[in-house]
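**Q** Given next are the chains, with one letter for each unit.
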Amino acid sequence: MSDRPVLSVERLSVSFGRHQAVKSLSFNIGAGETLALVGESGSGKSATALSVLRLIEREGGRITDGAIRLGSDDPVDLTTLPEQALQKLRGNRISMIFQEPMTSLNPVMRIDEQLCEVLRRHQRLNRVDALKAAERALEQVRIPEPARRLRQYPHELSGGLRQRVMIAIALACRPDVLIADEPTTALDVTTQAEVLALLKSLQAELGMAVLFITHDMGVVAEIADRVAVLRHGVMEETASVEALFAAPRSEYARQLMAATPKLGQATPRPPVESNEVVLSVRGLARSFSQAGGFLKPKTVAHAVKDVSFEIRAGETLGLVGESGCGKSTLSRSLMRLIEPDGGEVILAGRNITALDQTALRAERSKVQMVFQDPFASLNPRLNVRDLITEPAYLHSGLNAAAREALAADLLDKVGLDRDAARRFPHQFSGGQRQRLCIARALSVSPKVILADEAVSALDVSTADRVTRLMCEIQESLGIAFLFISHDIAVVERMSHRIAVMYRGEIVEIGPTEQVLRAPAHPYTQRLLSAVPRPDPKARRRAPVPEAQIADLDNNAAGIGMLVSGGQLDLPGAAAGV
Amino acid sequence: MVDITAVPAQPGMLRTFWASTNLIQKIAAIVGVSLIVLAAFAPLIAPFDPLDQSLISRLRPPLGFERYKDGFYLGTDELGRDVLSRSLYGLRLTLGLALAGASIGLLLGGTLGLLAGLKRGFTEDIIMAAVDIQIAIPFTLIALLILAIFGSSLEVMVVVLGIAGWEQYARIVRGEVRKITQMPFIEAARASGGSPRYIAIRHVLPNIVSPLVVQFTLALSNIVILESTLSFLGLGVQPPTATLGSMVGYGRDYMPTAPWMVTVPAVMIILLTFSVQITGDWLRDRADVRLRER
Chain A
1 MSDRPVLSVE RLSVSFGRHQ AVKSLSFNIG AGETLALVGE SGSGKSATAL SVLRLIEREG
61 GRITDGAIRL GSDDPVDLTT LPEQALQKLR GNRISMIFQE PMTSLNPVMR IDEQLCEVLR
121 RHQRLNRVDA LKAAERALEQ VRIPEPARRL RQYPHELSGG LRQRVMIAIA LACRPDVLIA
181 DEPTTALDVT TQAEVLALLK SLQAELGMAV LFITHDMGVV AEIADRVAVL RHGVMEETAS
241 VEALFAAPRS EYARQLMAAT PKLGQATPRP PVESNEVVLS VRGLARSFSQ AGGFLKPKTV
301 AHAVKDVSFE IRAGETLGLV GESGCGKSTL SRSLMRLIEP DGGEVILAGR NITALDQTAL
361 RAERSKVQMV FQDPFASLNP RLNVRDLITE PAYLHSGLNA AAREALAADL LDKVGLDRDA
421 ARRFPHQFSG GQRQRLCIAR ALSVSPKVIL ADEAVSALDV STADRVTRLM CEIQESLGIA
481 FLFISHDIAV VERMSHRIAV MYRGEIVEIG PTEQVLRAPA HPYTQRLLSA VPRPDPKARR
541 RAPVPEAQIA DLDNNAAGIG MLVSGGQLDL PGAAAGV
Chain B
1 MVDITAVPAQ PGMLRTFWAS TNLIQKIAAI VGVSLIVLAA FAPLIAPFDP LDQSLISRLR
61 PPLGFERYKD GFYLGTDELG RDVLSRSLYG LRLTLGLALA GASIGLLLGG TLGLLAGLKR
121 GFTEDIIMAA VDIQIAIPFT LIALLILAIF GSSLEVMVVV LGIAGWEQYA RIVRGEVRKI
181 TQMPFIEAAR ASGGSPRYIA IRHVLPNIVS PLVVQFTLAL SNIVILESTL SFLGLGVQPP
241 TATLGSMVGY GRDYMPTAPW MVTVPAVMII LLTFSVQITG DWLRDRADVR LRER
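From first to last, the protein sequence lines stand for chains A and B.
Residue 1 is where the first sequence starts when you use the working numbering, and the numbers rise one by one after that.
Residue 1 is where the second sequence starts when you use the working numbering, and the numbers rise one by one after that.
Warning: the hint list may mix true and false statements.
Interface residues of chain A toward chain B, partial, derived using beta-carbon atoms under 7 Å [claimed, not checked]:
| # | residue |
| --- | --- |
| 1 | 337 |
| 2 | 338 |
| 3 | 361 |
| 4 | 364 |
| 5 | 371 |
| 6 | 377 |
| 7 | 378 |
| 8 | 390 |
| 9 | 391 |
| 10 | 394 |
| 11 | 395 |
| 12 | 396 |
Simulated from the structure, these hints should not be mistaken for laboratory data.
Cβ coordinates follow ideal geometry from the N, Cα and C atoms, glycine included.
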């Protein structure tokens, strides 16, 4: 680490119209150093990152004050540089990796074209040399068979591979500064662990300064040297990662740490006593087939295979698994929003798999759902009163006065003001909307609530409050929850029992304590080891073996799951149910 | 965040609406209302009978020009008919035809589009095939065929203008419906126990109002033009009855010598489409609760 910083930001202020997104922010990053910028949504993290690249103007923002200096000797001030000079810097001396690997690659360009574009523009390489350099770049980010990958299109790669390609593009010109904006948020934990490990080893190789933006304290502990905590555009605290985690000085940092779920630190809720089984699933299966084409066989993907479990009254069953493992298909099949191919769903003693649509509609009042995206799961054109009382209205035909009274009652239950009833969804924040979704589910006094990634889209402190609310409601009303999440730490807080799903099957199920402390199945063990720990001292010195990166996406269509070359031997229907 | 209290039903409502508009929208509203009033009361306002000819006072210019003939404020046409009176009657007929035509298109296309978007499968294929056929064949040809078979009466004309735009509505509605049925809140409504019909009416329809309003305003302008095309070809409303379109069409030959014959109805068409478009945009924004005051 040299003594002069590579990137130095001084009293940076950014505003969008009249709203000030960043207020007088200063920090330095030296070569080979990683500064993590932490904060919840709206804290100005991304505005800062975009300002460094001077892309903020495109988003409608304006740098109102301050300086951004790049380079340790003879630094240039990015805030005053003309556009042409900036274009020479971007992708060359400063690069950026974005959150969404699905949308930040151009879908109609092959990987080689996208990589060579950068190389040819900044390094003036000819076609042949650029192609060679591109292959080396893919090798550098540990992508197996780089020559073959270069000829592929983004949709042919898995999420993890795509993010590696993004990193390869960003690092192609050996930048001085790399900005990573939530680069692992859209990835599964096991993939996230690999990408983080890769970033670290590349940083050691190339000695670049990294500005790492994230909301996840676990990831911070994993990767950062120093941390800057942001709130409403103001820096609340900056400290070395060890110091911050050992003793946060600012009140906000303390709150943030407290709200972050830590795997293994929650007291698991003991199994419930009740013997009343409210939801029983036997041998549930659902597959999706993709029609074959000319000379192309029909492919069948088994999203859910022979799944069986029971949930008792007042109990929370946590369902964990990575994306594509069939969690959502399972929850939708339980309500027959997707028709299952086989098996039975017995809801409060009645088999609903054989019912016709009309009879099924009546049964749906016993099971309700809370969806992942609180912004999309409420009809924007209806007011809150109509939204949250809709299930009750559909099942028992309430009149207007009764709906008004019910709405007030439900809003009380989820801790919102009664006058919210007249407002529209866009007037609420994400957490408040998720409360509205819970209120809607409660309106018919269901036996079971299926919460599908219900807090995944929320900030940690908001998610914390919403999960608490769910627990309180469960204790007062005795409702059973199926709590689906990819975030094991959150599931640990919520659940009495946990089921682990892998490739459409439940590979392990049991009391929370037992599954998390003494995982029996190798997949559970791997999943648990990949979860980032919000504790810099527990940093994994030896990351996931590289052999496991081998050919991420050479497995069954649709169920993209990381399989290491024969290391994991997964039995067909494992673990006691 | 401002609490949205229930809007009081009567006199205040008009004032609230008025307050929520900007200058251009105010102008458009005034122009629109004036045009409607002019059209509705054309028989009372028009100084002459629109069909009265007077060959002595042919091609007289409007007030303020040389050879102006007293009383004919906006001049006369090649048969000595009062341009102002003809324009007012023409406006009346054009406005009526456009409204009727656009509404028929909306009802027909909207319903079929909704069906196609919700039902899928065979129903969708049939409806969309019809849409494709109509797009592929120039509509003027279809209109000519219908008018040739059924003769050109006012009723047939309304039907023709209605059919003219339905495929646009159907395409838009189907696309919007398909997009919206993918949204989680539709799944949430199903999970709440809503029947397909309930979901279509309560959840899908309110969310496709905006593009429909926009299409309606576009269709109005298009129909005015289509009507004038047909009139020009001699298949529209038959002379001597005046419509704005036919006045522009026939007046074209006199452009160098008597430009007012074209100018007056053309300005009315411009004012009409202008106020319809602006009002349409305003309505679209009004219909979207998300764009109202937060």
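**Q** Does residue 378 (chain A) pass the interface hint, meaning its C-beta sits closer than 7 Å to a C-beta of chain B?
**A** 6 Å, holds
**Q** Min Cβ distance, residue 337 (chain A) to chain B: is it shorter than 7 Å?
**A** 6 Å, holds
**Q** So, as I understand it, the hint says residue 395 (chain A) touches chain B; can you test that by seeing if any CB pair is closer than 7 Å?
**A** Since the shortest Cβ distance to chain B is 5 Å, the answer is holds.
**Q** Restraint: residue 394 (chain A) near chain B, CB-CB cut 7 Å. Satisfied or not?
**A** 4 Å, holds
**Q** Tell me if the interface restraint on residue 371 (chain A) is satisfied: Cβ within less than 7 Å of some Cβ in chain B.
**A** 5 Å, holds
**Q** Hint residue 391 (chain A) vs chain B: min CB-CB distance below 7 Å?
**A** 4 Å, holds
**Q** Does residue 338 (chain A) pass the interface check with chain B, least Cβ-Cβ distance below 7 Å?
**A** 10 Å, violated
**Q** Please verify that hint: residue 377 (chain A), Cβ, nearest Cβ of chain B, below 7 Å or not.
**A** Since chain B brings a Cβ to about 4 Å from residue 377 (chain A), closer than 7 Å, the hint holds.
**Q** Please verify that hint: residue 390 (chain A), Cβ, nearest Cβ of chain B, below 7 Å or not.
**A** 5 Å, holds
**Q** Regarding the hint that residue 396 (chain A) lies at the interface with chain B, is the smallest CB-CB distance below 7 Å?
**A** 10 Å, violated
**Q** Let's test the interface hint: is any C-beta of chain B closer than 7 Å to that of residue 361 (chain A)?
**A** It holds, given that the least Cβ distance between residue 361 (chain A) and chain B is near 5 Å, below 7 Å.
**Q** Answer holds if the nearest beta-carbon of chain B is closer than 7 Å to that of residue 364 (chain A); otherwise answer violated.
**A** Cβ of residue 364 (chain A) sits 5 Å from chain B, so the hint holds.
Of the numbered hints stated above, those contradicted by the structure are hints 2, 12, listed in ascending order.
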